[in-house]
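Asker: All chains should be modelled from the sequences, with the hints used to inform the complete structure.
Protein chains in written order, with full-length UniProt numbering: chain H, 1 to 116; chain D, 1 to 652.
No wet-lab data here; the hints were simulated from the structure.
From a predicted model like this one, the values you see are computed outputs, not experimental measurements.
Certain hints may be false.
[As the list claims (entries may be wrong)] Facing chain H, a subset of chain D residues (Cβ under 10 angstroms, in silico):
#, residue
1, Ile206
2, Leu234
3, Gly338
[As the list claims (entries may be wrong)] Okay, the calculated beta carbon distance ranges per label pair:
#, chain 1, residue 1, chain 2, residue 2, range
4, D, Ala339, H, Gln72, 37 to 45 angstroms
5, D, Val245, H, Ile93, 30 to 38 angstroms
6, H, Leu89, D, Ala647, 42 to 50 angstroms
7, H, Met77, D, Val245, 21 to 29 angstroms
8, D, Lys311, H, Ile93, 17 to 25 angstroms
9, D, Lys311, H, Gly32, 41 to 49 angstroms
10, D, Phe256, H, Leu67, 30 to 38 angstroms
In this text, a Cβ means the ideal position worked out from N, Cα and C, and glycines have one as well.
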Amino acid sequence: MAEQHPQSHGRDAHGGHDEHESHGSLKSYVIGFVLSLVLTAIPLIVVLNDMVTGTAANVVLLGTAVLQFVVQLFFFMHLKEEKKPRFNLLALILGLVIVMTIVAGSIWIMTYNSVG
Amino acid sequence: MKINSLSDFFVTGDPLIYGADVAIGLTMVAVVLVLTLFKRWGWLWREWLTTVDHKRIGIMYVIASLLMLFRGGMDALLMRTQLAMPDMEFLKPDHYNSIFTTHGVIMILFMAMPLMFGLFNLVVPLQIGARDVAFPFLNSLSFWLFFMGAMLFNLSFVIGGSPDAGWLSYPPLSERMFSPGVGQDFYIWGIQISGIGSLMTGINFIVTILKMRAPGMKLMKMPMFSWSVLSSCLTIILAFPILTVTLALLFIDRYFGAHFFTLDGGGNPMMYINLIWMWGHPEVYIVILPAFGIFSEVVATFSRKKLFGYKSMVFALMSISLFSFFTWAHHFFTMGSGADVNAFFALTTMLIAIPTGVKVFNWLFTMFRGKITFESPMLWTMGFIPCFVVGGMTGVLLSVAPADFQFHNSYFLIAHFHQVLIGGVAFGYFSGLYYWWPKVFGFKLNEKIGKYAFWFWNIGFYVCFMPQYVLGLMGMTRRVSTYGWDSGWWEWNFVSTIGGFLMGIGFLFQVWQILHSIKFMERVSGDPWNGRTLEWSIPSPAPAYNFATIPQVQERDDWWATKERKAQGVPEQPRAPLEPIHMPKNSGIPIIMSAFWFMAGFGLVFDWLWIAIPGLIGVAGSMLAHSFNYNTDYYIPVDEIESTEAAAGRVV
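Answerer: In structure tokens:
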């Protein structure tokens with residue numbers, strides 16, 4: 001972006017919404033909303049009613065959580081509609097790599113480190 | 001904490017502290033008197049405290065960090081004095097604990113980081129042909145948050161007592177049970193408040209570099225310092241949240257009695273060590289990467305050659321910033337995570353030395369057959385290369401996990417990290433300061449005094465830290481406040497102390513150099529070093545708007561290429577006509593909001609909610625006030641640009 005924009009929250013930022021890419025339609029918002037409701041309901045119903053327990057419950061919880069994350073990204077964060085260069089996507093991937101490192105690394109390192 | 005008397009509030013009992021009290025009091029009185037006598041309050045507020053100009057914010061960062069260098073350096077000299085002879089009774093053990101803690105925190109978080117941010121601010125927008133950073137208001141807020149955080153931390157040594165659990169404040173020692181005083185709370189809030197600022201600076205410079213480069217400056221034509229800033233900032237935004245969360249958990253432990261890191265109640269202090277180094281290791285790369293960028297600029301400029309291996313340099317910078325996230329466990333090989341974990345992290349640590357080695361060769365090949373001159377910036381670079389190579393090598397020795405069981409927490413380690421942090425980071429930032437000083441202030445620093453400063457620092461460094469490698473191998477561990485005659489350590493310690501004071505003299509020479517150069521000011525042109533990149537194409541100091549017309553970039557070292565074209569008589573491209581320049585307006589909100597943060601932090605330190613809650617309300621109020629402020633920008637008219645440029649001797 002060659003344009004000089006020293007003050008981001010200057011006056012042109014206010015009327016400037018139309019410069020950006022489109023932000024989805026009513027249809028996509030409704031689909032996203034319904035999907036996220038369903039993905040919230042599934043684990044609640046399944047786990048609260050003891051339909052699955054133990055490892056299976058964990059799998060259901062984590063699986064629906066990941067799907068929920070994807071729904072949020074595509075329907076509300078508009079990840080797919082980003083113009084090139086896709087900085088948001090890159091930042092997301094980098095962030096995920098680091099988060100995975102933190103979680104998996106900590107679990108691995110702490111396996112043999114327990115107090116008492 | 002319950003405060004029963006004034007002596008619970010003010011630190012008492014030590015003549016050194018009383019001396020500091022008097023010095024602080026006198027300095028404050030003097031500052032207020034001078035400002036009032038010369039009627040400078042309005043000027044200070046309008047021109048500096050409320051500024052959103054990246055160049056002025058950069059100068060304030062540099063001043064603050066040099067003051068912090070003085071404080072951290074004094075801590076170092078106090079420690080070296082205590083260790084000069086066996087059985088010294090200069091500092092009591094608890095006082096010694098406070099001093100090594102504050103020395104570490106201040107040198108990394110309140111000296112290296114702000115000096116680095118200062119250089120980012122002074123250089124990056126000029127180097128990429130931009131008129132300011134992407135978010136100037138946020139930039140000012142970042143500075144004031146750092147400043148208030150640093151002041152809150154520094155306050156602890158006269159009010160309430162300093163933290164004394166080491167610079168990373170490991171639990172269980174840093175928990176309420178073993179550190180009941182307020183020192184740890186000062187530590188947490190000082191770092192948290194300035195940490196918000198660091199994170200915002202990281203975001204600010206990533207956006208600035210990605211979005212605000214001059215037209216034609218593709219990423220692969222960007223100057224190397226800007227690349228290093230990008231890599232450092234990427235590391236900042238991924239690493240600092242880990243620090244924030246870790247310290248927040250420690251705060252919850254201390255304040256609400258939770259059990260994340262306690263020994264009882266299911267807590268595990270080792271988890272803290274694991275988490276804090278996930279920030280701590282990337283942190284050392286955050287501070288060294290920009291130094292690599294500085295050396296790349298300096299070596300190319302003073303060898304009169306383009307940088308050797310530009311692409312490999314970019315690759316090395318970016319891979320270091322990513323790899324820095326995969327080595328953290330080498331800080332606690334001895335914790336007992338098992339052979340697999342240690343082997344993995346030993347390997348990643350050895351691997352990260354490779355891109356660093358690539359850089360060293362690139363600098364050497366850049367110098368090869370260059371027309372090298374040894375002005376101050378180059379001198380510091382020459383001091384850096386051997387020092388950093390040796391420091392890096394001892395790092396590789398430490399990365400050998402089985403051997404580390406011997407080196408761990410010994411003076412060998414202390415010598416290693418001081419060698420990479422002084423030889424790499426401090427020398428690098430000094431080199432950068434000398435290099436860009438004329439651009440910032442319009443005059444050069446005196447070369448002769450600078451050479452004295454350099455040699456005192458450089459020789460002092462080796463005299464101070466080479467003996468510490470030996471001491472480490474002889475079995476001296478870090479953080480011991482004294483030792484006996486029978487240990488056989490005193491000769492090496494005594495030599496080391498002499499080296500510490502030599503570096504102190506080096507610092508005094510630098511202060512003298514600055515004062516002398518201000519007094520006998522020799523004005524320089526916009527391009528005193530025969531530079532290569534865009535910042536040298538504009539007057540020194542740069543006008544408020546930096547570039548009268550935004551340059552069209554064609555080459556990698558664009559200013560050098562422009563000068564070459566001129567020498568060959570190629571007609572210059574016609575410049576675009578001047579247009580009014582859109583500028584951000586100054587704002588008092590950043591300093592006010594940060595002052596409220598200071599209040600909130602201070603209140604939380606002492607558990608005085610009657611201070612903390614109004615402070616937090618003030619923070620929220622400041623945010624609200626800024627949200628509804630639409631009067632944030634103005635335009636510089638064309639005739640004002642013309643007169644400014646004419647005053648700088650330029651025709652537009």
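Asker: Check each numbered hint from earlier against the structure, then list the numbers of those it violates in ascending order.
Answerer: Of the numbered hints given earlier, the structure breaks just one, which is hint 5.
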